[in-house]
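> Residues per chain, in single letters:
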Amino acid sequence: MPRLGVVLSRKSKCAEATLDMDQKTLNKLVESISKTVKSFKKSEIECLIQLFDSLVGKTDRRFGSCGIDRNTFRRILHSIFGMTNDMLMNRVFFAFDEDNDNYINVKEWVKGLSVFLRGTFEEKLKFCSEVYYLNGDGYISREEIFDMLKNSLSQQSSEEETDEGVNELVDITLKKMDCDNDGKVSSADFTKAVREDRLLLEVFGPCLPEAKNCLNFEALAFRNIMTSRF
Amino acid sequence: MGVALTRSAQWTAAGHGTGTLEITPLNEAILNEIIMFVESFIYKHPQEAKYAFVEPLEWTTELDASAFQSGYVVRGEAALLPEKIPVWVSYKATVGLKDLNSESLDVFLPSRNVLGWFRTKGKADDEREINYERKGEIYKDLVTFLKEISAKFSENMSKQEINFDEEQQKEKEQFDAAPKKEEAATNHKARLGSDKTTYQKNHINLAKTQMTKRLEPSLNWKTSVDIKDRKSLVKDSQEEKHGTRLDKTRTSISPGRAQLLRKSIEKPEEIISESSSESEEDEEPVDHRQEANADLPSEYWQIQKLVKYLKGGNQTATVIALCSMRDFNLAQETCQLAIRDVGGLEVLINLLDTDEVKCKIGSLKILKEISHNPQIRRSIVDLGGLPIMVNILDSPHKSLKCLAAETIANVAKFRRARRAVRQHGGITKLVALLDCAKNSIEPAQSSLYETRDVEVARCGALALWSCSKSYANKEAIRKAGGFPLLARLLKTSHEDMLIPVVGTLQECASEENYRASIKSERIIENLVKNLNSENEQLQEHCAMAIYQCAEDEETRDLVRLHGGLKPLASLLNNTDNKERLAAVTGAIWKCSISKENVTKFREYKAIETLVGLLTDQPEEVLVNVVGALGECCQEYENRVLVRRCGGIQPLVNLLVGINQALLVNVTKAVGACAAEPESMAIIDRLDGVRLLWSLLKNPHPDVKASAAWALCPCIENAKDAGEMVRSFVGGLELVVNLLKSDNKEVLASVCAAITNIAKDQENLAVITDHGVVPLLSKLANTNNDKLRRHLAEAISRCCMWGRNRVAFGEHKAVAPLVRYLKSNDTNVHRATAQALYQLSEDADNCITMHENGAVKWRFPVLQTFLLQLSVANVGGLFGKDQSPPSPVPK
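Chains as they are written, first to last, in my numbering: chain A, 1 to 230; chain B, 1001 to 1890.
Think of the hints as simulated: they come from the structure by calculation, not from any bench.
Careful, some of the hints might be misleading.
As the list claims (entries may be wrong) - Only pairs whose alpha carbons sit at most 27 Å apart, straight line, appear in this in silico DSS-like list of lysine-lysine:
1) Lys1778/B <-> Lys1719/B
2) Lys1822/B <-> Lys1812/B
3) Lys28/A <-> Lys41/A
4) Lys1305/B <-> Lys150/A
5) Lys1305/B <-> Lys184/A
6) Lys126/A <-> Lys111/A
7) Lys124/A <-> Lys184/A
8) Lys150/A <-> Lys111/A
9) Lys24/A <-> Lys35/A
10) Lys1305/B <-> Lys192/A
11) Lys1305/B <-> Lys175/A
12) Lys126/A <-> Lys35/A
As the list claims (entries may be wrong) - The calculated label-pair distances, taken between Cβ atoms and stated as ranges, are:
13) Thr1428/B <-> Asp147/A: 42 to 52 Å
14) Pro1297/B <-> Asp163/A: 22 to 32 Å
15) Lys38/A <-> Gly1425/B: 37 to 47 Å
16) Gly82/A <-> Glu1495/B: 35 to 45 Å
17) Gly1425/B <-> Ile225/A: 47 to 57 Å
18) His1372/B <-> Ile225/A: 41 to 51 Å
19) Gly183/A <-> His1372/B: 56 to 66 Å
20) Asn1577/B <-> Ile225/A: 39 to 49 Å
21) Asp101/A <-> Pro1297/B: 51 to 61 Å
22) Trp1301/B <-> Glu161/A: 10 to 20 Å
For each residue, glycine too, the CB sits at the ideal point set by N, CA and C.
Here chain A stands alone, though its shape is the one from the complex:
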């Protein structure tokens, strides 16, 4: 992953540059984030903040002052976490972007990554339901399911046949997910079905990174911590 390499080498340079600049501000930020995000150690949070800054590309400002825009974030999702589905990458962005300001700020970044990397089942369930627009009173209609699944089949001979295949797949999915048989998948339906079978967590398309990508990411992002241990 050349991209990641570039990002990370930039990151370490930046770390050197800011080493003595504003350690206090950094510590403060780490402290405040660690209050809400429990799954990372403080040293890890620090690494993630530094990574955030290098991704944002601004080394001379205060830590975590601005955000990652959608395109940058999608590039990260694609190159680091191996995601490919455009629509779902957008939705993951919105799920990260809790305050809906179209930027992912440093807190949102660390919090989102905590779900990606260390999330419990419940956290991931909540995250997926956000990605699929299921939170609150939302529900997914047949048509939306079709949209999300339309690229799930390898291309067959004609578009018609593919459509037919996807339609059948939607039927199968609805049968599996629509627990109350109202023709659409509500948040409750989704939660119930996934609790019964965890494999269904990403039923409407991949929105969480693969384990091996997570491991790679951690290995690179936390390498300073890891090497300093020895």
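Chain B: place on chain A using the hints.
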């Protein structure tokens, strides 16, 4: 059906218009169809297969009379098949076929009766009637038959075999060749469909339907034949294995052990070649493919649709399809076979080879369920599923490991699968799963599907349990360091875990080598502890393991020292669970080989309870109960106890059974009881001696020998023994003739019986007339000390009649007897000294002894015994002019 097929095949021949018959796909197809139908019929419908048709079969059908082609006589509403079939055709599979050999227009009609396939005389040129008489040999199956009959067919079949070999190598590539697979699936579907119609039409148009379809080159023929070949190949290799292993393990098998709990084993080699619980499954199962066709359930089509998404979908679609598939009742055979028949197994196994954890989990969850079906197991092995699953055991995902191990546990229920697990390094990996501590190194990434370490170990043990039923796997488990780990797990208190752990240990304990490890790992202690568990299955397996281990004296003592005898005795009182009862009685039997244990059992009133179990119990329980009583009755007190509890009668009643292992034990027990005169009187009154005597005719040498041993105390303790023996018409001749046996144990026991019989002068005279002297003399050249001892005693006893002493000399028995003095067995020395003493009354014998150096060997042992004899007669042995040797001081 036969006639319909005949006509179709012949009609096709005409259709080709050449006047000769080529190898056509049609003919192959028809043949194949017949093979499929006929070969499976007898297994699927064993009862129906036994029916002999004494009159034409009639059935109701919805078809119009017009639907019947010529050849059927339509009479009113009944369509009668032409008079076709003689009564002896025990099930109707008479099929007419043209010879596939193009050179010959020879018409033959293969037929099948219960024995196999053979050629009928066929239709003579000038006759309309078909002659169904057998011509030539009987063949075990249609393929062998046709190979024998037709050179062309044979050639074709060997081509198919080569194809099969090649195909096996290409198996993996084929998985990827999706179009080909799909083609096969479609063809298959078509066949299923058409078969359905065929069935609806009561098979009448079977051949025709097949024909239209088979005109195109068909994959089905190939695949079907492959399956057959595969089976026969597998069988062959298994038989080879039987052959080689037979000698290796025979010695360690004691009668009765193998029978324990195994109801359906019939072939002796199965018992010998594998340990205790090699199950019925080693028979290739009957293929139910056809039966399933009769009425395709709706699940079939739904599953087919899901498999389509498994094949053509991305991860999301695949996971949806996998999860949906699990909504079907996977415990149901219809669904299991549907998955296989639509090509789902290939896809599921393929998924295991991907990097997608979710797909692997989903696939394994399905495979785990459907692999309860023996046919699915075979297919999984055939499709190369085991190596992939074995690799998954290395996965960092615990849940994946668990699922793979559980699936392996299900699949490895037959020998070929167990071998595959071993050959792909599975045993080592499974043993590694037992090591909880090692597994606790977790990846930083916590997974959604994780399970506990204990669960990993449990699944590992479960798979090892299945695998441990093969000898080589036991060895592999030991080499992989499985015993210390199993021993450690045995100390835990998870019942789920303990059952497979004890199960594995129990399997391994059937091999003598492993019992040492079992002792050293303090396993007995924990087995005893778990006898007190609440879980019946756990109790059963613990008792079973003790039964296996207690062949060893030290282990028997350990069981007592750890207080295992009391729980065993108290478990005897619960007789509802027969499996457990069999295991418990087995453990008691083996433990009671040690006297101290018998004393304990008497203390716990176990002997009375055992006597109570002599009636109304299944054979596998009886074998052990009787075995235990046989051991207990070696002591006087217990013989009295058994008699007082009314045990003699049920024991004698059991002498009429047919179970070999049971008979060996019963004869031993009756023999033990007969040592006490009062019991002997009861045995005599119940005609037990006659029953014992008739068991000398039992085909199995162990039974013969055991019966002969039992007769000894009977004759010794019976009142009017001589008269009793004479009352068995032909009995003495029978005994003498058993001296022609080639089984050492039979010979030794019969010699012992003869020693007792010969105590009666009249009977001695009779057996002399039956030629006992030459027969005994013939046995003299043996190295077997047990036989030597009893032979010498018999000779010594038989010397007491007529000119038998001289006769033994004439038959050259003396010189070998002298050599017995070289033996290290004091019993042999004593018996030989007595025999030589008897023989020495004849001068020629003395010369022979002298020539063979009886004097030269001044063994202190011999001298001691000689001095015990009358000194006056010793002179005979050493010659008149020589004084007896003086004892050599130690």
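> Next, verify each hint and record whether it holds.
These are the hints, each one checked on the structure:
no. : hint                               : verdict
1   : Lys1778/B <-> Lys1719/B            : violated, 33 Å
2   : Lys1822/B <-> Lys1812/B            : holds, 18 Å
3   : Lys28/A <-> Lys41/A                : holds, 14 Å
4   : Lys1305/B <-> Lys150/A             : holds, 17 Å
5   : Lys1305/B <-> Lys184/A             : holds, 22 Å
6   : Lys126/A <-> Lys111/A              : holds, 13 Å
7   : Lys124/A <-> Lys184/A              : holds, 22 Å
8   : Lys150/A <-> Lys111/A              : violated, 31 Å
9   : Lys24/A <-> Lys35/A                : holds, 17 Å
10  : Lys1305/B <-> Lys192/A             : holds, 25 Å
11  : Lys1305/B <-> Lys175/A             : holds, 14 Å
12  : Lys126/A <-> Lys35/A               : holds, 20 Å
13  : Thr1428/B <-> Asp147/A: 42 to 52 Å : holds, 49 Å
14  : Pro1297/B <-> Asp163/A: 22 to 32 Å : holds, 29 Å
15  : Lys38/A <-> Gly1425/B: 37 to 47 Å  : holds, 42 Å
16  : Gly82/A <-> Glu1495/B: 35 to 45 Å  : holds, 43 Å
17  : Gly1425/B <-> Ile225/A: 47 to 57 Å : violated, 37 Å
18  : His1372/B <-> Ile225/A: 41 to 51 Å : holds, 48 Å
19  : Gly183/A <-> His1372/B: 56 to 66 Å : violated, 36 Å
20  : Asn1577/B <-> Ile225/A: 39 to 49 Å : violated, 59 Å
21  : Asp101/A <-> Pro1297/B: 51 to 61 Å : holds, 56 Å
22  : Trp1301/B <-> Glu161/A: 10 to 20 Å : holds, 18 Å
Hint violations for this structure: numbers 1, 8, 17, 19, 20, all remaining hints satisfied.
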